[in-house]
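Q: So the protein sequences, as listed, match chains A and B. At position 332 of the first sequence the residue is numbered 332 (the numbering used here), and the sequence of numbers has no breaks. At position 123 of the second sequence the residue is numbered 123 (the numbering used here), and the sequence of numbers has no breaks.
Heads up, some of the hints might be wrong.
Straight line, CA to CA, 20 angstroms or less: simulated SDA-like cross-link-like pairs of lysine to any residue [claimed, not checked]:
| id | chain 1 | residue 1 | chain 2 | residue 2 |
| --- | --- | --- | --- | --- |
| 1 | B | Lys45 | B | Ile22 |
| 2 | A | Lys439 | B | Met13 |
| 3 | A | Lys56 | B | Val87 |
| 4 | A | Lys267 | A | His180 |
| 5 | B | Lys37 | A | Asn426 |
| 6 | B | Lys199 | A | Lys439 |
| 7 | B | Lys199 | A | Lys56 |
| 8 | B | Lys37 | A | Glu443 |
| 9 | B | Lys203 | A | Gln327 |
| 10 | A | Lys411 | B | Glu200 |
| 11 | A | Lys255 | B | Pro112 |
| 12 | A | Lys255 | B | Glu200 |
| 13 | A | Lys134 | A | Ile63 |
| 14 | A | Lys255 | B | Tyr118 |
| 15 | A | Lys267 | B | Met13 |
| 16 | B | Lys186 | A | Gly329 |
| 17 | A | Lys439 | B | His48 |
| 18 | A | Lys439 | B | Tyr118 |
| 19 | A | Lys411 | B | Pro112 |
Honestly, the hints are just simulated from the structure, not real lab data.
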Amino acid sequence: MVASIIFIVLIVVGTAWFGRNVMRIRKNILLGKDLNRSDKKGERWKTMILVALGQKKMFQRPIPALLHFAIYAAFVITQIELIEIFVDGVSGSHRVFASSLGGFYTFLISFIEILSVLALVATFVFLARRNLLKIPRFHMSEMTGWPKLDGNIILYLEIVLVLCILTMNGADEVLMNVGHSHALGLTGDTYGFAVSSIIGPSVFGGMDVASLEILERIGWWGHIIMVFTFLNYLPISKHFHVLLAFPNVYYSNLKNKGQFSNMDAVKKEVEMMFDPNADPYAAPPEPAGEPERFGAKDVTDLTWKSLMDAYTCTECGRCSSMCPASQTGKKLSPRKIIMDTRDRLEEVGKNIRKHGKEHIDGKSLLGDYITEEELWACTSCNACVQACPVNIDPLSIIIDLRRYLVMEESKVPSELATMLTNIENNGAPWQFSPMDRLKWADED
Amino acid sequence: MSEKIKVPTVAEMMATGEVPDILFWVGCAGSFDDRAKKITKAVIKILHGCKIKFAVLGTEESCTGDPAKRAGNEFAFMMSAMQNIQVLNGYEIKKIVTACPHCFNTIKNEYPELGGKYEVIHHTQLINGLIKEGKLSVSGGDFKGKKITFHDPCYLGRANDVYEAPREVLQKLDAELVEMKNCKAKGLCCGAGGAQMFKEAEKGDKEVNIKRTEDALETKSNIVATGCPFCNTMMTDGIKHFNKEESVEVLDVAEMIANAMDL
Numbered sequence: 001m002v003a004s005i006i007f008i009v010l011i012v013v014g015t016a017w018f019g020r021n022v023m024r025i026r027k028n029i030l031l032g033k034d035l036n037r038s039d040k041k042g043e044r045w046k047t048m049i050l051v052a053l054g055q056k057k058m059f060q061r062p063i064p065a066l067l068h069f070a071i072y073a074a075f076v077i078t079q080i081e082l083i084e085i086f087v088d089g090v091s092g093s094h095r096v097f098a099s100s101l102g103g104f105y106t107f108l109i110s111f112i113e114i115l116s117v118l119a120l121v122a123t124f125v126f127l128a129r130r131n132l133l134k135i136p137r138f139h140m141s142e143m144t145g146w147p148k149l150d151g152n153i154i155l156y157l158e159i160v161l162v163l164c165i166l167t168m169n170g171a172d173e174v175l176m177n178v179g180h181s182h183a184l185g186l187t188g189d190t191y192g193f194a195v196s197s198i199i200g201p202s203v204f205g206g207m208d209v210a211s212l213e214i215l216e217r218i219g220w221w222g223h224i225i226m227v228f229t230f231l232n233y234l235p236i237s238k239h240f241h242v243l244l245a246f247p248n249v250y251y252s253n254l255k256n257k258g259q260f261s262n263m264d265a266v267k268k269e270v271e272m273m274f275d276p277n278a279d280p281y282a283a284p285p286e287p288a289g290e291p292e293r294f295g296a297k298d299v300t301d302l303t304w305k306s307l308m309d310a311y312t313c314t315e316c317g318r319c320s321s322m323c324p325a326s327q328t329g330k331k332l333s334p335r336k337i338i339m340d341t342r343d344r345l346e347e348v349g350k351n352i353r354k355h356g357k358e359h360i361d362g363k364s365l366l367g368d369y370i371t372e373e374e375l376w377a378c379t380s381c382n383a384c385v386q387a388c389p390v391n392i393d394p395l396s397i398i399i400d401l402r403r404y405l406v407m408e409e410s411k412v413p414s415e416l417a418t419m420l421t422n423i424e425n426n427g428a429p430w431q432f433s434p435m436d437r438l439k440w441a442d443e444d
Numbered sequence: 001m002s003e004k005i006k007v008p009t010v011a012e013m014m015a016t017g018e019v020p021d022i023l024f025w026v027g028c029a030g031s032f033d034d035r036a037k038k039i040t041k042a043v044i045k046i047l048h049g050c051k052i053k054f055a056v057l058g059t060e061e062s063c064t065g066d067p068a069k070r071a072g073n074e075f076a077f078m079m080s081a082m083q084n085i086q087v088l089n090g091y092e093i094k095k096i097v098t099a100c101p102h103c104f105n106t107i108k109n110e111y112p113e114l115g116g117k118y119e120v121i122h123h124t125q126l127i128n129g130l131i132k133e134g135k136l137s138v139s140g141g142d143f144k145g146k147k148i149t150f151h152d153p154c155y156l157g158r159a160n161d162v163y164e165a166p167r168e169v170l171q172k173l174d175a176e177l178v179e180m181k182n183c184k185a186k187g188l189c190c191g192a193g194g195a196q197m198f199k200e201a202e203k204g205d206k207e208v209n210i211k212r213t214e215d216a217l218e219t220k221s222n223i224v225a226t227g228c229p230f231c232n233t234m235m236t237d238g239i240k241h242f243n244k245e246e247s248v249e250v251l252d253v254a255e256m257i258a259n260a261m262d263l
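Next up, chain B with everything else stripped away, as it sits in the complex (with noise of 0.2 angstroms):
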């Protein structure tokens, strides 16, 4: 991206006396991870081009605790909870948007217990309602023509029966959308998820993303579309495998209409 977008953190906005309508909760993924960070700018331009009133908490975030969760460390877990429930309630967050399924389940469905109320979405439901609303308009881009498949991931999808938002934003894209043979609510992981990206597989006679990587090149698209950072890793790393980076492009939905967008 060309031209730098000022991204305003909360206490800044604070300090000014404004609240933010949303909260973009970037993720550890979304901020550390280089592939994942140009996510995080597709989204950022998203925003700021549709005038949303958004703020990120910068270095007062922290991870959520869903990898420490799904590991069987809940103490980890749990001070990461707080740790964030206490910040967050602290600037009287109502609305966060997340471009991470794993953030986005953790604080969607497992923060309320422990005292974080807040309306989460996942940006794939916030870029559709933006569409529906008109607030932005899709029409551009570099994919006319081209076949898409979108890869569910299992936290957007099985886990919270998110299925419908990221194609509803795919279709608005003058590209053929094509399924895998297994797909929502039968989609296959990309091996990613239960804390597996950071550690070695078990023993078997394949990887997770391979498989699935086949399962996305069986509809010779020329774009895998994710809505997860590691689902993206994992994809592009599958892609990799098979020597196809030439012809078959990992991306986040984000990524996309961020491309094809009108300002």
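Chain A on its own, in the form it takes in the complex (with noise of 0.2 angstroms):
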């Protein structure tokens, strides 16, 4: 009864308290600029269906995807262990399903079980991989502190999580060896279950009762304690990702990538300038509510996507280890400027909840997260786009903030000046003379 009334205690409080960050996180994500992404509803199922689902940008690079697919497929399947725990929990029952699912019971935990036992071994794998080989894409600049210790951590959470299913299934294993079964109508002297029916008499066998029956709680608490920790650090960690990754590829561009979006508000006025039929000296329309920015300044300045962009990172690094400018000691990383989007959204909601939405602390991502020097080392190439396995886009927030730099700042390398200066009088990046554009076809 009491262990009934904790329990439902704990559900309630964990799950609302994650409710209320992720409010929070979709609230952020809100605050970026119109953008629709509500077509081309069937593509957009069957992109999410292979690259979300079925992971299919991983598999670029075989070895991690098989180890993190390990751990996916765990995290998916185990959830249905769920449904009995919860059951159990508030009901006070014990192993409510294995009487009336017989056999098919068996083989469920089984298959979790050996899921179970590879996800652990690829989460040692993944220490290994951040920790004792220098894989270099684990060891750029942006990933010190917070970052590196937030890729630990969830690791170490796995480990406590494996760890706590196997004791439950083990020590319950031997209390069925034992006769002291707690489940109701099920009779035999084992469970079956794949892996804790072998390790559990070689590790718990021998032990009296009571210790049993006490490390069988202990797995299970510390199970859905462990399950409840996880879910909330999902939303102050990269870990979102395990949530975000599905809408995220939902609503990518679907476009080719070479095409940049054309600036309404710039459409409109150079069509003004072309219409013969316009009044020279006509005051331009009033614009409804504030002129808006050219590009982008802030985080509020960009599209939701890019804002979602920012919260379904992971921080794997594949678009960096991809980009022209971080392999050649560029100070530009395209996960870098995810992060710092990221940073800046969390700093910008965190304002807008103490002081309301009017306040400025007069910063920007523009300046004060992500410098020009790595803005104009982009190459536009769209490697990191390619290589993202979620569909982050990193390249439309540079080319955002590159516009609001030349837009409304005038500041552009001098080159840059130089050449759209050419541009705009001779038609042509060069200083050449325009009635010169045919003249190849006269040399030898």
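Two independent chains are provided; combine them into the complex using the hints.
A: Below is the structure:
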């Protein structure tokens, strides 16, 4: 009875706190500018199934992909077991589905156990990859402090979780062996679970019933406590990708990667200039509300999709490992662009919650987080976009920030200023006369 | 090229009451850059040799606005784009071929929303089509027994998913086509895109084109083939950096086909 109440309180508090933090993230994402991604639903579902569910892009690098898939599969399949844990926890029963599902129950739990062991192996390999092997993408300048710790914490949690599952099932197996099963209507001397029927007796065999019962409870409570620890760790961690990967891929850009957005505000102004019927002295129509900023200075100038990208990133660094600028020692790292966007958005969100929407803290994404030097190192080659397993687009953020720099602040490297002047005056990026454009045809 | 081919402009053609089947968009590099002009002439040789009714805009062509847009100046882009669209629509152009992936990408993807809707193809796609239709046959040339590697231009490959056309064309040559370790969707940029062509690179420990040239040299190829005038410049500079210009040549796919085609 007391256990049931504690269990229900844990579930309610754990879920409510998680919900509160998810709603905060949702609010932050909606601070972004409008962008219509509600088209092509069929293609979007297909992309989501292939890229998010099927992890298609992960398999460009097969070894980490297989390891990651083991953890991913264990994570998804283990949730089935939670149904039973909830029923048992609330009603005080023990393995409520064991007798009714019979052989299928044994199969399910065995399947979960095998996946959990695979996940455990993958976790240890991942810890080694992060901390022992010198894999460059885990050791770039943005991967110190919290991001590095964050990457390890989740792996430690994973180990504890799997050990809890195996302790719970292993102790239960031994209890069954010695005829102290708590599961109603179940006879026999083993559950027959694939992993714990072997390691249970070898680790816990010979222990007295009271100790076994305590061990089983530690495993059971440890498991559910870890589940809720994990759930509430997600929103403050890069591991939020386990949830956002799906919507983020669904809403990803389906156009050719080379197609940059055309800015409507600029289009309208230039169209007026080209319109022979327009009155050259007419005042431009009053824009409704505040005049829109060209490009992005802060996170709220970016589209909501860029902000969702920021919360989806799990800092794997595949983008930066493929980026020509990062690979040649330039300051630009596409992963840092995304992490900066998220960190600044968190800060803006906190400011709004504390001081209200009108609060200005005098900081901005451009300048305080991302420098001009980083922005100008980009070749717009789309390698980062291509590399991202969850279709994050760092390039669109870079271009939005460049647009602000150039069109609002006229801050542009001097050689590019010359190039732009040439385009405007000569119709070519170099200083050639437009009248000479066909000269090549007469040359040998 | 020895014989001079008459290059018709759209204006001249229209004056005689004719309409070109395809417009050859030469681009700024193809018009003004000495190295890229050779690529332009190779395309002309192929178009002429295959008896295609083509024309160029000549002095009526101007920058597509690609480098302005990538540099963040949407105004300069929009001005260039609308001016070009006015010209193209004025001549009722339906189909465009270009040897520059940046022009290709911009006209194909970014002009339609602004009222410029055309069928746009890259010259490697045109050549591939001509070979498949039997209008162009390739047998001769200086490439017998040579090793060729193809460097994917970002704005042709990743940006528009054109990977096979240039490779299918190169396979027609009597040579061995080898891939660099990073190719196709994983291809490394030459360092010129996003308006980098027109400025010094930011501080780092290496130039991007040097890194890409290392990838190319690793294949031990005699020829680095490209399909972009800017990649061509970057790779040529890279080869010079390693003093390999005696043994490794950087050529555009069009130049190779113009050399090897049967007339």
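Q: Next step is simple, just say for each hint if it's right about the structure.
A: Tested hints:
1. Lys45/B with Ile22/B: holds (15 angstroms)
2. Lys439/A with Met13/B: holds (18 angstroms)
3. Lys56/A with Val87/B: violated (44 angstroms)
4. Lys267/A with His180/A: Given that 20 angstroms is the threshold and the Cα spacing comes to 77 angstroms, the pair is violated.
5. Lys37/B with Asn426/A: Satisfied, since the Cα-Cα distance of roughly 18 angstroms is no more than 20 angstroms.
6. Lys199/B with Lys439/A: violated (26 angstroms)
7. Lys199/B with Lys56/A: violated (37 angstroms)
8. Lys37/B with Glu443/A: holds (9 angstroms)
9. Lys203/B with Gln327/A: Distance of about 12 angstroms is within 20 angstroms: holds.
10. Lys411/A with Glu200/B: Distance ~16 angstroms between Lys411/A and Glu200/B Cα, so the pair holds.
11. Lys255/A with Pro112/B: holds (13 angstroms)
12. Lys255/A with Glu200/B: violated (31 angstroms)
13. Lys134/A with Ile63/A: holds (16 angstroms)
14. Lys255/A with Tyr118/B: holds (17 angstroms)
15. Lys267/A with Met13/B: Distance ~32 angstroms between Lys267/A and Met13/B Cα, so the pair is violated.
16. Lys186/B with Gly329/A: holds (19 angstroms)
17. Lys439/A with His48/B: holds (18 angstroms)
18. Lys439/A with Tyr118/B: violated (26 angstroms)
19. Lys411/A with Pro112/B: Cα-Cα ~30 angstroms, so violated.
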